[in-house]
Amino acid sequence: MAGQLSIAKALNEALRKSLESDPKTVLMGEDIGKLGGVFRITDGLQKDFGDDRVIDTPLAESGIVGTAIGLALRGYRPVVEIQFDGFVYPAFDQIVSQLAKMHARALGHVKMPITVRIPFGGGIGAVEHHSESHEAYFAHTAGLRVVSPSNAHDAHWMLRQAIESDDPVVFLEPKRRYWDKGEVGEDPMLPLHSARVVRPGTDATLIAYGPMVKVCQEAAQAAEEDGRRLEVVDLRSLSPIDFATLEESVKRTGRGIVVHEAPVFLGLGAELAARLTERCFYHLEAPILRVGGYHAPYPPSRVEETYLPDLDRVLDAVDRALAF
Amino acid sequence: MTVKSTSRARKKAAPGVPDPARAGVGAEPELVQLLTPEGDRVEHPEFPLTVTPEELRSLYRDLVLVRRFDAEATSLQRQGELGLWASLLGQEAAQVGSGRAMRPGDYAFPTYREHGVAWCRDVDPLNLLGMFRGVNNGGWDPNEKNFHLYTIVIGAQTLHATGYAMGITKDGADDAVIAYFGDGASSQGDVNEAFTFASVYNSPVVFFCQNNQWAISEPTTVQTRIPLYRRASGFGFPGVRVDGNDVLAVLAVTRWALDHARTGQGPVLVEAFTYRMGAHTTSDDPTRYRQSEETEAWKAKDPILRLKAHLEKEGLADEAFFAEVEAESEKLGLRVREGVRSMPDPDPTLIFDHAYSEPHPLVDEERAEYEAYAASFEGGEHH
Numbered sequence: 001m002a003g004q005l006s007i008a009k010a011l012n013e014a015l016r017k018s019l020e021s022d023p024k025t026v027l028m029g030e031d032i033g034k035l036g037g038v039f040r041i042t043d044g045l046q047k048d049f050g051d052d053r054v055i056d057t058p059l060a061e062s063g064i065v066g067t068a069i070g071l072a073l074r075g076y077r078p079v080v081e082i083q084f085d086g087f088v089y090p091a092f093d094q095i096v097s098q099l100a101k102m103h104a105r106a107l108g109h110v111k112m113p114i115t116v117r118i119p120f121g122g123g124i125g126a127v128e129h130h131s132e133s134h135e136a137y138f139a140h141t142a143g144l145r146v147v148s149p150s151n152a153h154d155a156h157w158m159l160r161q162a163i164e165s166d167d168p169v170v171f172l173e174p175k176r177r178y179w180d181k182g183e184v185g186e187d188p189m190l191p192l193h194s195a196r197v198v199r200p201g202t203d204a205t206l207i208a209y210g211p212m213v214k215v216c217q218e219a220a221q222a223a224e225e226d227g228r229r230l231e232v233v234d235l236r237s238l239s240p241i242d243f244a245t246l247e248e249s250v251k252r253t254g255r256g257i258v259v260h261e262a263p264v265f266l267g268l269g270a271e272l273a274a275r276l277t278e279r280c281f282y283h284l285e286a287p288i289l290r291v292g293g294y295h296a297p298y299p300p301s302r303v304e305e306t307y308l309p310d311l312d313r314v315l316d317a318v319d320r321a322l323a324f
Numbered sequence: 001m002t003v004k005s006t007s008r009a010r011k012k013a014a015p016g017v018p019d020p021a022r023a024g025v026g027a028e029p030e031l032v033q034l035l036t037p038e039g040d041r042v043e044h045p046e047f048p049l050t051v052t053p054e055e056l057r058s059l060y061r062d063l064v065l066v067r068r069f070d071a072e073a074t075s076l077q078r079q080g081e082l083g084l085w086a087s088l089l090g091q092e093a094a095q096v097g098s099g100r101a102m103r104p105g106d107y108a109f110p111t112y113r114e115h116g117v118a119w120c121r122d123v124d125p126l127n128l129l130g131m132f133r134g135v136n137n138g139g140w141d142p143n144e145k146n147f148h149l150y151t152i153v154i155g156a157q158t159l160h161a162t163g164y165a166m167g168i169t170k171d172g173a174d175d176a177v178i179a180y181f182g183d184g185a186s187s188q189g190d191v192n193e194a195f196t197f198a199s200v201y202n203s204p205v206v207f208f209c210q211n212n213q214w215a216i217s218e219p220t221t222v223q224t225r226i227p228l229y230r231r232a233s234g235f236g237f238p239g240v241r242v243d244g245n246d247v248l249a250v251l252a253v254t255r256w257a258l259d260h261a262r263t264g265q266g267p268v269l270v271e272a273f274t275y276r277m278g279a280h281t282t283s284d285d286p287t288r289y290r291q292s293e294e295t296e297a298w299k300a301k302d303p304i305l306r307l308k309a310h311l312e313k314e315g316l317a318d319e320a321f322f323a324e325v326e327a328e329s330e331k332l333g334l335r336v337r338e339g340v341r342s343m344p345d346p347d348p349t350l351i352f353d354h355a356y357s358e359p360h361p362l363v364d365e366e367r368a369e370y371e372a373y374a375a376s377f378e379g380g381e382h383h
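Going down the list, the sequences are from chains A and B. For the first sequence, the residue numbers in the UniProt record's numbering are 1 to 324. For the second sequence, the residue numbers in the UniProt record's numbering are 1 to 383.
In short, the hints are calculated from the structure, not lab data. Some clues are possibly wrong.
What the hints assert, rightly or not - Here are the simulated BS3-like pairs of lysine-lysine, each with C-alpha atoms no more than 25 Å apart in a straight line:
1. A:111 / A:17
2. A:24 / A:111
3. A:181 / A:17
4. B:299 / A:111
5. A:111 / B:170
6. A:47 / A:34
7. B:170 / A:47
8. A:34 / A:24
9. B:145 / B:170
10. B:170 / A:34
11. A:214 / A:251
12. A:34 / A:17
13. B:301 / B:313
14. A:47 / A:24
15. A:181 / A:214
16. B:301 / A:24
17. B:170 / A:24
18. B:313 / B:299
19. A:17 / A:47
20. B:308 / B:331
21. B:308 / A:17
With the hints as extra help, turn the sequences into a complete structure.
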């Protein structure tokens with residue numbers, strides 16, 4: 001695996017390894033066969049594993065997740081692809097009422113080892129419904145695990161860990177980073193639900209996941225030129241959340257800023273701010289601040305740069321945090 | 001009955017509402033029937049059935065015990081022992097006939113009203129009552145009797161059934177799946193998606209629609225303008241309408257459908273034409289939306305009376321047999337009553353027990369918080 005891989009290729013390799021290691025693993029989704037998926041994440045897999053294991057499905061998201069549940073009941077380990085973030089809503093009942101609750105309803109007698117892969121987030125100049133960040137809905141639902149990698153190494157290993165999990169995992173892929181390359185190591189290095197400090201610092205902690213990690217790393221780089229040392233934590237797992245790593249960092253820096261593409265209002269940042277305030281109250285030099293999307297439908301692509309947090313908006317929040 | 005109610009509905013039909021006559025409400029000639037309401041055996045060229053007197057008595061026993069269990073549950077709800085009950089009254093033959101058509105390796109995906117199918121799958125009736133009493137949200141191991149948990153969101157289980165059937169095909173097994181749903185569910189996207197998936201993957205699943213004429217207060221004319229079994233043709237598989245109050249016809253048709261599915265010929269839609277004699281649930285009041293004449297007319301088609309009439313006419317059962325079944329049904333009623341009344345409330349920490357199958361730090365943290373809070377009360381227990 002050594003060498004530079006794009007996130008897309010790292011995911012593709014992860015699916016290949018999972019198909020190789022467990023004959024019960026099956027992939028399901030729209031256009032994932034000959035086409036290899038609209039983002040080519042499943043490229044070549046149907047050719048190598050057959051259309052019995054890499055299954056082109058009818059265009060019906062509820063049907064994809066619902067039948068995956070039935071396959072799981074029969075002992076299979078389905079990995080389903082939702083083609084774009086905005087297309088997952090027709091499957092909402094099957095995910096939040098059926099998939100998430102099945103294990104509890106059966107008092108633990110059945111497991112739901114299903115991974116729901118969703119390319120999410122904006123920044124690719126797409127038409128509407130192709131740029132959504134809906135992680136809060138899923139993180140809000142008990143029974144689901146929600147993760148999002150930010151780099152090729154994590155994309156590969158977190159997907160393999162998600163597929164191995166006996167609980168349902170919503171796996172959010174940062175679609176605008178699909179072609180970013182990075183080293184993929186020989187082992188995962190961290191458990192699936194751990195956060196990682198990706199840049200050490202002392203003055204404030206930037207907390208991000210998925211596509212926003214890179215923005216925060218760039219912001220931290222820029223801030224360093226002004227003599228500010230910002231720590232960047234890649235959350236990686238959105239449910240459960242590794243609060244121990246966050247708490248340690250925020251207590252040390254005294255300031256925390258959460259950055260995500262999703263609307264700020266009732267976004268993941270709200271929960272992070274509340275919990276970090278409880279845990280770090282006497283160490284805080286400023287309230288936990290949030291940078292994110294506005295409380296408006298995701299905008300047309302010509303103005304999405306205004307909607308999406310960028311380096312300047314992150315640094316503006318850093319200024320505000322440091323001004324307290 | 002059907003002609004009367006049809007003409008009445010036609011007069012009242014609002015603009016834009018499809019003509020009920022076209023919904024096939026009165027299309028009884030299309031019903032597959034092997035036992036008339038009077039208890040006479042009739043033949044159907046496509047669905048021959050040979051049953052021994054022993055099998056007929058056994059079916060009768062099933063029908064009586066299932067009805068008794070159901071009546072007991074309704075009473076227990078009235079006594080405050082259950083929060084809710086969804087009665088199957090009137091649908092016993094549809095459920096017992098289809099349930100008895102299954103082989104041990106077949107798998108049933110019920111709605112929340114398939115108590116008769118559960119009976120045939122040998123699921124303990126008390127297990128069904130847990131969720132209606134509020135001590136769990138399902139609770140049994142679906143794989144133990146190949147009977148899935150009850151599903152309350154209408155139609156969602158038809159997709160689970162189809163996925164399970166897709167798995168059977170992958171395994172190269174000759175099991176089949178039966179997916180229960182109702183006339184109301186036929187409008188759901190999930191049901192139509194299940195038809196599509198099952199059709200294109202040629203999955204071994206029988207879609208068993210109990211058309212009991214009412215989706216709470218809405219008649220079938222609000223769901224469809226063609227007979228429901230004809231929906232199958234648009235998806236490319238066979239549909240059959242069977243007299244749902246005729247346990248023999250349901251048995252024959254479902255057995256055929258399951259064999260059709262298990263032999264690689266793909267899905268079948270069975271529409272069991274029946275009637276919900278009771279309310280939708282114990283919270284419902286059908287007097288607000290349907291006429292008692294209609295219910296009375298369906299009483300004449302009662303599934304138990306017709307089998308009893310047949311057994312008596314043909315001399316296949318004696319008084320001792322009927323008394324024995326009656327005694328058994330009393331015993332079942334008692335067991336259900338006592339079982340429900342002594343069903344303990346779960347420990348409150350059940351809330352946390354099965355949210356996830358693998359450890360989850362937030363759940364662990366909240367459990368610890370709750371336990372500490374509960375322990376802070378005098379006596380260490382919070383009620």
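task: Would you list, in rising numerical order, the hints stated earlier that this structure does not obey?
output: Result: hints 4, 16, 21 break, sorted rising.
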